[in-house]
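K.L.:
Sequence:
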Amino acid sequence: MTVRELTDAGQVRVACGDDDLLVWAAQGLRGGARAWALGDAVVAAAPGASRRDRLAVWGGVSCAVELVGYALAELGPSYRPFGERELVGEVTAKLDGLERAGTFSWMSLPALEGPVLEGPVLEGPVPDGVGWLEPAADAEVAALLAADAPDSYAVPGLAGVSRWAGVRVEGELAAVAADAWSAPTVGLLAGVATRARFRGRGLAGRVCRWVSRELLAGYGRAALMVDDDNAAAIAVYERIGYRRRRVLAARVAC
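Residue numbers (our numbering): 1 to 254.
The reader is advised that the hints may include incorrect statements.
Cβ-Cβ distance ranges computed for the label pairs, FRET-style [as the list claims (entries may be wrong)]:
| id | residue 1 | residue 2 | range |
| --- | --- | --- | --- |
| 1 | S62 | G218 | 31 to 41 Å |
| 2 | D96 | E5 | 16 to 26 Å |
| 3 | Y70 | A253 | 52 to 62 Å |
| 4 | S162 | G129 | 47 to 57 Å |
| 5 | R239 | K94 | 34 to 44 Å |
| 6 | R199 | L158 | 34 to 44 Å |
| 7 | Y70 | E172 | 17 to 27 Å |
| 8 | A139 | V14 | 42 to 52 Å |
| 9 | V252 | R201 | 40 to 50 Å |
| 10 | A146 | Y70 | 36 to 46 Å |
| 11 | G97 | R239 | 38 to 48 Å |
| 12 | G218 | D96 | 39 to 49 Å |
| 13 | D40 | A196 | 45 to 55 Å |
The set of hints was computed from the structure by calculation and includes no laboratory data. Quick reminder that beta carbons are idealized off the backbone N, C-alpha and C, glycines included.
All chains should be modelled from the sequences, with the hints used to inform the complete structure.
P.N.:
Okay, here's the thing in structure tokens:
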């Protein structure tokens, strides 16, 4: 078998069965993103996607091992393979020079089928008081994140962070979330944060539900990444309708 480079987004979707994680990582093959297939495996690489040079891995272990090795030789050691925990664990164990870097969860809403929006995220009334923020609010967003979510990957002005939504309480910005590093057919929810004194009111859930509706309408699918130990956030996302997949990231050993 020969490694085949995929040259358009449609080829990527067909090769991986339209897997949302792989399709997101391919980024529509824009901005330097690349993808390859070999047998029953596919990898997609995107520079700077959610602050990492990422290499998504999908498919069977044997072909994936060869394909990851090929891609890393093409791309360089800054790229981090990631994907389903069992698959990437086996690839890491079999491919010399790779080591485990960390675990987290990928959560996604299913692709829309037809023009009708359905699912928990779309049940009930549209969350009120939430909307896209004007660029003039970037300083407020940055201050909220610096004080109450300093580890947020998404921050205003960072490449790939498209727009911010928020809700105010008595005129003060209380909770935010971003549309960031989205692919043409998979919108990514990021930068979710609530000002500490406003926590416990369900504001993050309102903002996430509203942004998720917007991502579904704009991209057809929505997804996010979350730390496994953030049980409160995972519970919010699951109530909205996100489905959880446990993911492992690897890296080239120094």
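K.L.:
Okay, D96 versus E5 on CB: inside 16 to 26 Å?
P.N.:
The hint (16 to 26 Å, Cβ to Cβ) holds, given that D96 and E5 are roughly 24 Å apart.
K.L.:
Please check whether R239 and K94 have a Cβ separation lying inside 34 to 44 Å.
P.N.:
holds (38 Å)
K.L.:
Can the suggested window of 31 to 41 Å be confirmed for the beta-carbon pair S62 and G218?
P.N.:
holds (38 Å)
K.L.:
Given the hint of 34 to 44 Å, check if R199 and L158 actually sit that far apart at their C-beta atoms.
P.N.:
Hint violated: Cβ distance 25 Å, outside 34 to 44 Å.
K.L.:
For the range 42 to 52 Å, tell me whether the beta carbons of A139 and V14 fit it or not.
P.N.:
With a Cβ separation near 44 Å, A139 and V14 satisfy 42 to 52 Å, so the hint holds.
K.L.:
Is 17 to 27 Å a correct range for the gap between the Cβ atoms of Y70 and E172?
P.N.:
violated (52 Å)
K.L.:
Verify the CB-CB distance for Y70 and A253 against the hinted window 52 to 62 Å.
P.N.:
Because 18 Å falls outside the window, the suggested range is violated.
K.L.:
Does the Cβ pair A146, Y70 satisfy 36 to 46 Å?
P.N.:
holds (41 Å)
K.L.:
V252 and R201, beta-carbon distance inside 40 to 50 Å?
P.N.:
Between V252 and R201, where Cβ atoms are some 44 Å apart, the hint holds.
K.L.:
Is it true that the C-beta distance of D40 to A196 lies inside 45 to 55 Å, as the hint says?
P.N.:
Hint holds: Cβ distance 48 Å, inside 45 to 55 Å.
K.L.:
Do the Cβ positions of S162 and G129 conform to the proposed distance bound of 47 to 57 Å?
P.N.:
violated (21 Å)
K.L.:
Per the hint of 39 to 49 Å, is the separation of the Cβ atoms of G218 and D96 within bounds?
P.N.:
holds (42 Å)
In this structure, the hints that do not hold are numbers 3, 4, 6, 7, in rising order.
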